[in-house]
Structures are given as C-alpha cells and as structure tokens.
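Asks: So that you can map any letter, position 8 of the sequence shown is 8 in the working numbering, and since no number is skipped, the others follow by simple counting.
In short, the hints are calculated from the structure, not lab data.
Note that CB positions come from ideal geometry on N, CA and C, so glycine has one too.
Each hint should be verified, as a subset may be incorrect.
[To be verified] Straight-line distance between alpha carbons at most 30 Å, and here's what the computed BS3-like set of lysine-lysine pairs gives:
(1) 44 with 58
(2) 58 with 34
(3) 44 with 34
[Stated by the list, open to error] Distance ranges between label pairs, derived from CB positions:
(4) 58 with 8: 30 to 38 Å
(5) 26 with 46: 16 to 24 Å
(6) 26 with 65: 18 to 26 Å
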Amino acid sequence: HQDRSINELNEQQRVLFTAYLESQVGDDPELLEKVTPRYPPFGKRMLQDNGSWLAALKRDNVELVTDAIEEITS
Numbered sequence: 001h002q003d004r005s006i007n008e009l010n011e012q013q014r015v016l017f018t019a020y021l022e023s024q025v026g027d028d029p030e031l032l033e034k035v036t037p038r039y040p041p042f043g044k045r046m047l048q049d050n051g052s053w054l055a056a057l058k059r060d061n062v063e064l065v066t067d068a069i070e071e072i073t074s
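Hey, can you work out the whole structure from these sequences and the hints?
Replies: Shown next, in the form of structure tokens:
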C-alpha cells in the first residue's frame, strides 16, 4: 500500500505484520481495522506482542477505543 510503506522491503514487512494481525483478529473486521497501523512499519515505536495483547482485545469485557477519550469512569 503506497501510503503505508516507504520502499519494497518496508512493504514486505507491512505484509508480514498485517498477515499476523489477520491471523490473530481477522474474524473481527472492525477490530482488525482498529489495530492495523495507518503508517509505515517502524514509522513509530513497535508494539511487541506475544499474542496476549491481541487476545485481551478479543475478550467480551474489553472495548478498544480509538476516539479521543473525554472521561474515564469506574
């Protein structure tokens, strides 16, 4: 993807990272869209996940909020 890679090697990395995300959360298109970066690989600090972060996002009592957060309540 032209906007999400800066060269051929970077594109190959993006494809690998995206395939990993799809293998973990591909059954939830909305979550997949939220966790897929819109910037080139290594363009920001990488999140290293052993599978637990993505698994946590799939729990019924977890919601990934990507909008600005105005207030947190308990």
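Asks: Take the hints in turn and mark each one as holding or not.
Replies: Status of the hints after comparison with the structure:
The suggested pairing of residue 44 with residue 58 holds, with an alpha-carbon distance near 24 Å, which does not exceed 30 Å. A hinted pair counts as satisfied when its Cα atoms are at most 30 Å apart, and residue 58 with residue 34 qualifies at roughly 12 Å. Our distance criterion of 30 Å between C-alpha atoms is met by residue 44 and residue 34, whose separation comes to about 16 Å. Separation of residue 58 from residue 8 is about 33 Å and conforms to the stated range, judged on CB atoms against 30 to 38 Å.
Evaluation of the 16 to 24 Å hint for residue 26 and residue 46 yields a pass: the beta carbon distance comes to about 20 Å. In this structure the supplied range 18 to 26 Å holds for residue 26 paired with residue 65, their Cβ-Cβ distance being about 21 Å.
Taken one by one, the earlier hints all hold for this structure without exception.
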